[in-house]
Each structure stands twice: as C-alpha cells, then as structure tokens.
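Protein chains: 2
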Amino acid sequence: MDVNRLNLRDDDRGQDRPAHPGTFPTSDAGNSVPQAAERSIDFPVSVVLPAGGTGERTGLQTPKQFCLLLGRPLISYTIQAFERVSWIQRIVVVVAQESVALMTDILRRFRHRKVRVVPGGSTRHRSIRNGVMALEDGEDGTSPAAGKPKVVLLHDAVRPFVEEDFLYKIAMAAEEQGAAGAVRPLVSTVIAATPEGYLDRSLERAEYRASEMPQGFTYDVIRRAYQRCSESDLDFGTECLHLALQYCGTNAKLVQGPPTLWKVTYKRDLAAAESIIKETLSRTACLIPGPSGDAAALADALREALGALGMELDVLPDLMRENTRCLEKWNFIQVSVDCSRLSEVETLLSVLEAANQAPLHPLVVIWVHLSASDELSVNAAAPAAIRDLASAAERRNVLVYAIQLQQSKETTRWEKSVLKAAEITSALIRDRSSALVGQLLQA
Amino acid sequence: MDVNRLNLRDDDRGQDRPAHPGTFPTSDAGNSVPQAAERSIDFPVSVVLPAGGTGERTGLQTPKQFCLLLGRPLISYTIQAFERVSWIQRIVVVVAQESVALMTDILRRFRHRKVRVVPGGSTRHRSIRNGVMALEDGEDGTSPAAGKPKVVLLHDAVRPFVEEDFLYKIAMAAEEQGAAGAVRPLVSTVIAATPEGYLDRSLERAEYRASEMPQGFTYDVIRRAYQRCSESDLDFGTECLHLALQYCGTNAKLVQGPPTLWKVTYKRDLAAAESIIKETLSRTACLIPGPSGDAAALADALREALGALGMELDVLPDLMRENTRCLEKWNFIQVSVDCSRLSEVETLLSVLEAANQAPLHPLVVIWVHLSASDELSVNAAAPAAIRDLASAAERRNVLVYAIQLQQSKETTRWEKSVLKAAEITSALIRDRSSALVGQLLQA
Numbered sequence: 222m223d224v225n226r227l228n229l230r231d232d233d234r235g236q237d238r239p240a241h242p243g244t245f246p247t248s249d250a251g252n253s254v255p256q257a258a259e260r261s262i263d264f265p266v267s268v269v270l271p272a273g274g275t276g277e278r279t280g281l282q283t284p285k286q287f288c289l290l291l292g293r294p295l296i297s298y299t300i301q302a303f304e305r306v307s308w309i310q311r312i313v314v315v316v317a318q319e320s321v322a323l324m325t326d327i328l329r330r331f332r333h334r335k336v337r338v339v340p341g342g343s344t345r346h347r348s349i350r351n352g353v354m355a356l357e358d359g360e361d362g363t364s365p366a367a368g369k370p371k372v373v374l375l376h377d378a379v380r381p382f383v384e385e386d387f388l389y390k391i392a393m394a395a396e397e398q399g400a401a402g403a404v405r406p407l408v409s410t411v412i413a414a415t416p417e418g419y420l421d422r423s424l425e426r427a428e429y430r431a432s433e434m435p436q437g438f439t440y441d442v443i444r445r446a447y448q449r450c451s452e453s454d455l456d457f458g459t460e461c462l463h464l465a466l467q468y469c470g471t472n473a474k475l476v477q478g479p480p481t482l483w484k485v486t487y488k489r490d491l492a493a494a495e496s497i498i499k500e501t502l503s504r505t506a507c508l509i510p511g512p513s514g515d516a517a518a519l520a521d522a523l524r525e526a527l528g529a530l531g532m533e534l535d536v537l538p539d540l541m542r543e544n545t546r547c548l549e550k551w552n553f554i555q556v557s558v559d560c561s562r563l564s565e566v567e568t569l570l571s572v573l574e575a576a577n578q579a580p581l582h583p584l585v586v587i588w589v590h591l592s593a594s595d596e597l598s599v600n601a602a603a604p605a606a607i608r609d610l611a612s613a614a615e616r617r618n619v620l621v622y623a624i625q626l627q628q629s630k631e632t633t634r635w636e637k638s639v640l641k642a643a644e645i646t647s648a649l650i651r652d653r654s655s656a657l658v659g660q661l662l663q664a
Numbered sequence: 222m223d224v225n226r227l228n229l230r231d232d233d234r235g236q237d238r239p240a241h242p243g244t245f246p247t248s249d250a251g252n253s254v255p256q257a258a259e260r261s262i263d264f265p266v267s268v269v270l271p272a273g274g275t276g277e278r279t280g281l282q283t284p285k286q287f288c289l290l291l292g293r294p295l296i297s298y299t300i301q302a303f304e305r306v307s308w309i310q311r312i313v314v315v316v317a318q319e320s321v322a323l324m325t326d327i328l329r330r331f332r333h334r335k336v337r338v339v340p341g342g343s344t345r346h347r348s349i350r351n352g353v354m355a356l357e358d359g360e361d362g363t364s365p366a367a368g369k370p371k372v373v374l375l376h377d378a379v380r381p382f383v384e385e386d387f388l389y390k391i392a393m394a395a396e397e398q399g400a401a402g403a404v405r406p407l408v409s410t411v412i413a414a415t416p417e418g419y420l421d422r423s424l425e426r427a428e429y430r431a432s433e434m435p436q437g438f439t440y441d442v443i444r445r446a447y448q449r450c451s452e453s454d455l456d457f458g459t460e461c462l463h464l465a466l467q468y469c470g471t472n473a474k475l476v477q478g479p480p481t482l483w484k485v486t487y488k489r490d491l492a493a494a495e496s497i498i499k500e501t502l503s504r505t506a507c508l509i510p511g512p513s514g515d516a517a518a519l520a521d522a523l524r525e526a527l528g529a530l531g532m533e534l535d536v537l538p539d540l541m542r543e544n545t546r547c548l549e550k551w552n553f554i555q556v557s558v559d560c561s562r563l564s565e566v567e568t569l570l571s572v573l574e575a576a577n578q579a580p581l582h583p584l585v586v587i588w589v590h591l592s593a594s595d596e597l598s599v600n601a602a603a604p605a606a607i608r609d610l611a612s613a614a615e616r617r618n619v620l621v622y623a624i625q626l627q628q629s630k631e632t633t634r635w636e637k638s639v640l641k642a643a644e645i646t647s648a649l650i651r652d653r654s655s656a657l658v659g660q661l662l663q664a
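Residue numbers (the numbering used here), protein chains in the order written: chain A, 222 to 664; chain B, 222 to 664.
In case anyone wonders, no lab produced these hints; they're calculated from the structure.
C-beta atoms are modelled at their ideal positions from N, C-alpha and C, and glycine is treated no differently.
It is possible that some hints are incorrect.
[As the list claims (entries may be wrong)] Per label pair, the in silico range of CB-to-CB distance: (1) Met354/B <-> Thr632/A: 39 to 49 Å; (2) Ala517/B <-> Thr325/A: 47 to 57 Å; (3) Pro416/B <-> Ala413/A: 19 to 29 Å; (4) Ala605/B <-> Asp539/A: 30 to 40 Å; (5) Gln627/A <-> Arg330/B: 29 to 39 Å; (6) Lys630/A <-> Arg330/B: 33 to 43 Å; (7) Glu417/B <-> Ser261/A: 25 to 35 Å; (8) Gln627/B <-> Asp539/A: 32 to 42 Å; (9) Gly528/A <-> Gln628/B: 42 to 52 Å; (10) Arg617/B <-> Pro416/A: 52 to 62 Å; (11) Gln282/A <-> Glu636/B: 19 to 29 Å; (12) Arg329/A <-> Gly418/B: 15 to 25 Å; (13) Gly292/A <-> Gln628/B: 26 to 36 Å.
[Stated by the list, open to error] In silico contact screen, one side only, chain A against chain B (beta carbon under 7 Å); selected entries: (14) Ala414; (15) Tyr487; (16) Ser496; (17) Gln663.
Starting from the given sequences, assemble the full structure and let the hints guide the process.
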C-alpha cells in the first residue's frame with residue numbers, strides 16, 4: 222500500500238462534525254431530512270451562557286470566546302446555535318464587567334436577537350447565578366412574570382457546535398426530571414494520586430462519565446439551588462448538577478452527547494473549530510454559467526471535477542430569475558467565455574448585495590473565464606480591473622478571485638486545465654484567504 | 222472596544238505548542254537555549270509505540286496514525302520526536318498485521334532509523350506486550366542480551382508533539398521508582414452514574430488526574446507485569462500503570478505533563494495538529510536578495526513588513542558562499558529585479574536539491590520580482606516558464622510561487638505593494654497549498 226493514497230481530506234464525515242451545520246442557519250435547510258431537531262417544545266425555555274472566562278489555557282491575550290474565526294467571534298457562533306432554535310425564547314450571555322461593551326457590539330454587528338448581556342460575578346457559579354436571576358426580569362426589566370421560563374439551559378460560550386436535536390433531549394429530560402446534563406465517555410483513565418504524587422488507584426472507566434455541557438434545569442430547581450447553596454459552593458464549586466443534587470435532592474438525568482459538544486480550551490482548538498467552520502462552508506457552491514454554449518460546457522466539466530473533489534454544486538442558469546434559495550450559499554462560481562465579461566461578475570455581486578447574504582461569513586466569488594490562447598498578453602487591463610472590483614467587494618465581506626483557462630482543442634491539455642481550475646477553486650473556497658483576493662490565477 | 226482588533230492569529234504562543242518544534246529536528250537548533258532537554262541519560266532506554274488503533278473516532282477510513290499531515294503520516298512525526306533524542310536507543314512500533322507493509326514503507330520513505338516494526342495482538346495490552354517482548358531480541362533476532370534496555374518508554378503513536386525534556390523526566394522517574402506516568406488535570410468534572418443513568422455523585426476534581434502518555438517502566442517491571450497478569454487483564458484492561466501496581470507492587474510516580482501531550486482522537490484533532498505543524502514551519506524564512514541595490518532595498522522592506530506579520534527572516538546575501546545553517550529552513554524568498562531573472566530561482570532550487578532538505582516537509586520557495594511598470598503585458602512567456610519550473614520542483618517536494626511588484630516612485634503606492642507582497646508571502650508560506658503552485662501573483 223502506497224502512503225500517497227492516504228489522505229487527510231478524507232471524504233468520510235468525521236463524527237466530530239455537526240450533522241447539521243448548526244452555525245449556518247439558512248444555507249443547508251433545503252437538503253435536510255426531517256428529524257428530531259424539528260420537534261418542538263411547548264413550554265418556555267431560556268438559555269444562560271456564561272462567557273466570563275479569561276482563556277488562560279489558550280495562551281492568547283484575547284479570551285477565547287472572543288477570538289475571531291473567519292472574522293467572527295467564537296461566541297457569536299455559539300449564540301447562533303441557540304438563536305436558530307424556534308422554541309428557545311431568550312438567551313442571557315454573562316460576561317465580565319469589562320467585556321459588556323464588547324459583547325454588546327458583537328450582538329449588534331452580527332445581528333443577534335433574543336439576547337441580553339448581564340455582567341458576571343467573581344466565579345463561574347456567581348456568574349451563572351446572575352444569569353439565572355436575570356431571567357426573572359422582563360426584556361426591559363419591567364415585567365418579571367412574563368420572562369420566567371419553565372426550563373433553563375446552561376451551556377459554555379466556547380462549545381459552538383451544539384445541535385438542536387441534542388438541546389431538545391436535554392430540555393425534555395430537564396422538564397421531566399428537574400435536571401439533566403450531557404455526559405461523554407472518559408477519554409483517559411482517571412487515577413487517584415497519593416498526596417506524595419504516586420499512583421494510588423485507577424478508576425474503572427466504565428463506571429464514570431465526563432460531565433459536559435449543555436445542562437438543563439427547571440427554573441425552580443436551579444433557582445432554589447442557588448438560593449440555598451453556601452458561599453463556599455459559589456467560590457469553589459464548578460458542577461451545577463451537584464448543586465441540584467445537594468440542595469434540591471434532584472438526581473440529574475445523564476444524556477450521552479455527541480463529540481461535537483467538545484469545548485474550545487487550547488489554542489489548537491481554535492484551529493480545529495475554524496477548520497470545521499471552513500469545511501462546513503465549503504461543501505457546496507452555486508455555479509453560474511454564462512449564456513454561451515462554451516460557458517455551459519466548461520461549467521459542466523467544472524461541476525464534474527469539483528464533484529470528484531467532494532464539492533456539491535447547484536447550477537443556476539439564470540441568476541436574475543432565480544428565487545433566493547440558491548443564493549443562500551457561501552460560494553459562487555461565475556463562468557464566462559472571455560475576460561471582457563467582467564460585467565457578469567459585477568451583476569452577481571449586485572444580486573448578492575441585494576440578497577444581503579454576506580455579513581455573517583465571508584462569501585467567496587470565483588470568476589472562471591475562458592480565453593482564446595494568447596489573450597493574456599493582449600488584455601493587460603483585466604488584472605487591474607479585477608483587483609479594483611475585488612477591493613470594493615472585500616469591504617462588503619465578499620472575497621473575489623479570478624481564474625483564467627486557455628481554450629484548447631487538444632483533449633488532454635484541456636482536461637488538465639479544467640482539473641487545475643477545479644483544484645484552484647476548491648483551495649480558494651476552502652482557505653478563504655484575504656491575502657489572495659483580486660488575484661488572477663492561471664489554470 | 223472594536224471586535225476588529227481581536228485576532229485569532231495572536232502573537233502569543235499558545236501553551237499547547239511545543240516549546241521546541243520537536244518534529245523538526247534541525248531547523249531551529251541554532252536558536253535554542255540549553256535546557257533540560259540536553260541532559261543525557263546513561264542507562265539504555267527503548268520505546269514501544271503501539272499503533273494498532275483503527276481510528277473509529279475520527280470517522281475516517283484511514284486509521285489516524287496513518288493520516289497525512291502535509292504529505293507525511295502522523296506516526297512519522299511521532300517517531301521523529303523519539304528518534305531525535307540521543308539517549309533513546311531503539312523504537313519498536315507495533316501495528317496490526319495488515320499494516321506491517323505500510324509501516325515498513327513509511328519508515329523507508331521518511332528515512333527513519335532505530336525503528337523496528339512488530340505485528341500487534343488483538344487488544345492494546347497484547348500489542349504492547351508484543352512490543353516489550355520484541356525488545357529482548359537483538360536488531361536481527363540474534364543477540365538477545367545486547368538489546369535489553371534498562372527503561373522502556375510507552376507512548377501513543379497519535380501524540381506527535383512530545384518533547385525531549387518531558388521524556389527525560391519520565392525516564393528518570395521510571396528508573397528510580399520502577400514506573401512513572403504522565404498526568405494532566407481533569408478538564409471536565411468526572412461523575413458516577415447510577416445503573417439507570419442518573420447522577421450518583423461527582424468526584425472532587427482536585428483529587429484525581431487524567432492518566433496520559435508517555436509512561437516509563439524499568440524493563441523488569443513491565444515484563445513481569447505482562448508475565449503475571451491475567452487473560453482478562455490482557456483483554457479488557459487499558460492502564461499499564463495499573464498492571465505494574467497490581468502485579469509488581471510498584472506505585473508509579475505521576476508527573477504532570479504539558480498540554481502538548483494531547484492525543485489526536487477526532488478528525489478535528491488532525492486539523493489542529495496540521496495547524497501546529499504549519500505554524501511551526503512558518504515562523505522563519507530565509508531571504509535572498511539579488512545582487513542589485515533595488516533588490517536589496519526591496520528585500521529590506523519585505524523583511525520589515527514580514528516581521529510585522531510575525532515572521533522572522535534570515536537574510537542571506539550570497540547563497541553560494543553560505544554554509545548550510547541557513548539552508549536548514551523550510552521557506553525561502555528570492556528577490557529579483559526583473560522577471561528575466563528566473564535563473565536566480567533556478568540556482569536556489571539547485572542549491573536546495575544539493576542540500577537535500579525537502580523530503581520531510583514541503584519546502585516553500587517564493588520568487589518576488591520587481592518589474593518596470595508595464596512589463597507584465599510585454600513578457601507573456603514568464604508565467605509559462607514559472608509554471609514549468611514549479612511543476613518540476615513539486616516532484617521534489619518544493620512548492621514554488623511567484624509574486625510580481627510594479628516599481629513605483631509614489632511612496633504610498635510602493636508601500637502598499639510591499640505590504641501586499643508580504644501578506645501574500647505570509648499566506649503562501651502558512652497555507653502551503655499545492656493547488657496554487659506555479660502561480661504568478663500581483664502585489
């Protein structure tokens with residue numbers, strides 16, 4: 222077996238990928254199979270997201286919940302994962318006092334609704350308590366009763382990939398049992414150490430679980446637990462399920478969660494999270510052939526080559542007549558027959574701007590154009606025109622790149638060019654590099 | 222505070238990065254401060270690396286130890302982390318019978334020495350036992366006594382970033398105590414569940430540790446433990462420290478390890494590992510200005526701009542006279558005054574080929590050339606010449622890209638071009654994209 226045949230970018234979907242791209246509320250809705258995620262809940266559910274951490278373990282100056290992934294703070298992805306769930310009514314984000322203004326700015330820029338910011342306390346438990354208490358107030362602090370939920374979900378701001386399906390399980394179990402929490406099998410053996418730092422004993426792995434997030438509580442249980450617990454609990458405790466057991470006698474239902482619940486802890490986890498987001502954004506693209514037969518033929522060939530690279534393409538013959546479904550993608554490939562057709566890209570950019578798709582994630586627009594064999598040397602103005610267009614688009618969070626193919630009657634050469642164009646397209650879509658915006662690449 | 226000011230690519234080094242890039246044995250040796258890593262050990266130490274896992278949790282068809290990171294299997298990075306330690310004598314890699322040929326091929330392609338492949342058993346413990354027993358044989362099965370080590374280190378093939386410093390601590394503790402193991406603080410609270418799936422109790426986090434790898438044992442302890450343990454231990458057990466305790470009465474010394482010991486478990490971890498490797502490869506580059514004053518000025522400006530982007534540059538005025546120290550980099554930037562100077566890149570490529578640096582990681586060579594303002598349209602042959610050169614180089618694992626800057630007397634415009642060239646350079650070095658090889662980019 223040749224190691225060249227092994228490939229990191231395997232086609233299989235890793236189990237740590239969200240089955241639904243929870244962070245991207247609209248783009249894939251058309252393809253989804255109805256499942257548990259679409260069941261609804263008929264009692265009021267609200268969410269408390271403690272986000273007061275300092276991110277010591279990432280080694281970064283910026284707390285990890287505020288680190289940018291593709292230009293957007295991690296916490297914004299997490300908020301969106303809850304916001305898109307129809308049966309969740311309100312979200313309270315608890316941040317350190319000094320981050321309130323930053324958090325408010327994030328809510329505005331990324332158009333979050335349902336969300337309120339509350340200043341945290343000196344420990345995790347005090348912060349969560351502040352969040353829970355804030356749910357008693359109305360939206361503007363005036364109507365206490367209206368806001369009170371039946372169930373409160375707690376989650377970490379740094380676990381962005383939680384899915385509706387699992388939130389449903391936790392909310393239902395919490396309503397039935399008073400408390401419920403996500404667990405995962407232990408990854409490492411847990412051992413007890415002697416005070417001198419020697420092995421005392423190892424625990425039987427099968428009997429224990431790692432307690433993860435989200436957790437759910439009836440409002441009465443979580444409020445009572447925080448009213449009754451001691452100052453020492455508030456200072457040194459970490460486990461809310463433990464408070465519910467100790468102060469309300471509630472044995473939480475434990476629900477095994479998927480690996481997607483994983484917590485962004487170290488700097489490497491930011492890279493992992495960004496790769497998951499990029500991969501999710503890169504699965505599909507919208508392909509727009511120009512009106513000519515040559516363009517349609519190139520578009521077909523590209524679709525096939527990109528399909529072999531694992532990308533699914535929707536072909537959109539008439540951009541102007543299309544409803545908005547196909548525009549809810551994150552990647553667009555405009556095929557033109559010569560490089561004077563920059564106007565086709567301009568039209569696409571106007572349509573995208575009108576559809577107002579760009580703000581949440583950078584969109585990628587790739588202009589693939591076919592040219593007669595020696596055109597490159599003749600039309601020296603094209604690269605500058607593309608760069609200008611791309612600079613303007615980048616300000617609206619759209620990344621424009623261009624790829625030029627030479628027309629060729631020789632089949633092998635032509636197929637090689639199409640394959641190269643597909644490889645470049647795939648790499649540009651996957652990497653979403655702003656340094657390469659406006660470049661004219663040769664296939 | 223504006224969220225635009227936050228940045229994922231923060232300058233701080235995350236604590237999950239190796240302090241020394243353990244996977245890159247030569248490149249940074251010149252800069253290193255002498256430290257514990259350079260202490261030696263005067264008793265024989267060998268290593269057993271169980272690598273028989275099927276990688277179920279990654280969701281990939283390829284077991285994760287064989288997944289490629291920048292074209293090289295994960296296990297090859299791990300092997301190199303041990304191979305570069307002078308006081309480690311032999312490494313036994315234990316793989317499933319069906320992977321023996323693949324593993325042997327990897328050892329040859331990536332030029333590993335000190336390593337022997339042994340077929341595994343049906344469980345983790347049986348595989349480790351096979352590896353330990355294999356240490357009794359000589360290199361070729363003929364001289365039993367010669368090969369027997371004083372201490373055996375066990376490690377996972379999927380923890381590639383272990384450092385010499387920490388291996389030293391484990392080996393010394395094992396020699397003193399009979400057994401030693403890496404531990405990490407628990408990330409999640411560990412809870413015990415009732416048989417019905419409800420919370421029974423949560424453990425006091427401070428009293429427990431996660432048991433990680435590497436572990437070390439005197440040869441006598443590990444051999445005796447495997448000789449005495451039951452079939453049930455071999456079938457269902459996972460913890461070697463536990464066998465040493467139960468069958469040899471040895472309480473292992475627990476040593477707190479750094480977060481770099483983390484285990485590649487899910488597909489996202491492969492992305493995280495690749496990002497760490499890419500970041501480590503991208504920290505420094507070698508800058509080669511051509512002979513003219515214009516080239517030297519551009520090289521200076523580029524060095525400053527790349528420095529601001531976090532890259533450290535060694536300037537190499539005369540390539541041919543240089544000793545090999547500077548050639549032990551992974552990135553090279555050749556600055557030329559016009560695009561007819563492709564010969565300067567050709568010379569660089571020959572020197573690199575002679576220095577034989579490429580096989581372990583893809584090298585990046587970026588040709589930055591300055592052109593009079595309208596040259597692009599005149600010299601249409603240049604892009605094709607670059608592409609041909611780049612295709613040939615790629616077969617030797619060298620990725621060649623070109624960047625063209627237009628000469629400008631207008632200061633603002635010139636500075637903007639230099640900054641753009643630096644951004645493109647930095648992105649190309651970081652991404653190491655094979656799809657973009659041979660492209661001529663405009664700054």
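Verification of the supplied hints:
1. Distance hint check: the CB atoms of Met354/B and Thr632/A are about 58 Å apart, inconsistent with the given range 39 to 49 Å.
2. Against the hinted window of 47 to 57 Å, the Cβ-Cβ separation of Ala517/B and Thr325/A comes to about 50 Å, which satisfies the hint.
3. Checked against the hint of 19 to 29 Å, the C-beta distance between Pro416/B and Ala413/A comes to roughly 23 Å, which is consistent with it.
4. Under the hint 30 to 40 Å, the C-beta atoms of Ala605/B and Asp539/A, about 37 Å apart, fit the expected range.
5. Hint check: Gln627/A to Arg330/B, Cβ distance near 36 Å, so the stated range 29 to 39 Å holds.
6. Separated by about 40 Å at the C-beta atoms, Lys630/A and Arg330/B satisfy the suggested range of 33 to 43 Å.
7. A C-beta distance of roughly 28 Å is found between Glu417/B and Ser261/A, which places it inside the suggested range of 25 to 35 Å.
8. Distance hint check: the CB atoms of Gln627/B and Asp539/A are about 39 Å apart, consistent with the given range 32 to 42 Å.
9. Checking the proposed 42 to 52 Å range against Gly528/A and Gln628/B shows it holds: the Cβ atoms sit about 44 Å from each other.
10. Between Arg617/B and Pro416/A the beta carbons are some 57 Å apart, a value that agrees with the proposed interval 52 to 62 Å.
11. The hint said 19 to 29 Å for the Cβ distance between Gln282/A and Glu636/B, and at roughly 28 Å that hint holds.
12. Under the hint 15 to 25 Å, the C-beta atoms of Arg329/A and Gly418/B, about 42 Å apart, miss the expected range.
13. Gly292/A and Gln628/B have their C-beta atoms about 33 Å apart, which keeps the hinted 26 to 36 Å range intact.
14. Among the interface hints, the one on Ala414/A holds; its C-beta lies about 5 Å from the nearest C-beta in chain B, closer than the 7 Å criterion.
15. Hint on Tyr487/A holds. Least Cβ distance to chain B is approximately 4 Å, under the 7 Å limit.
16. At a threshold of 7 Å, the smallest CB-CB gap from Ser496/A to chain B is about 4 Å, leaving the interface hint in force.
17. A hinted interface residue such as Gln663/A counts as satisfied when its beta carbon comes closer than 7 Å to some beta carbon of chain B; here the least separation is about 6 Å, so the hint holds.
In terms of the numbered hints stated before, the structure departs from hints 1, 12, listed from lowest to highest.
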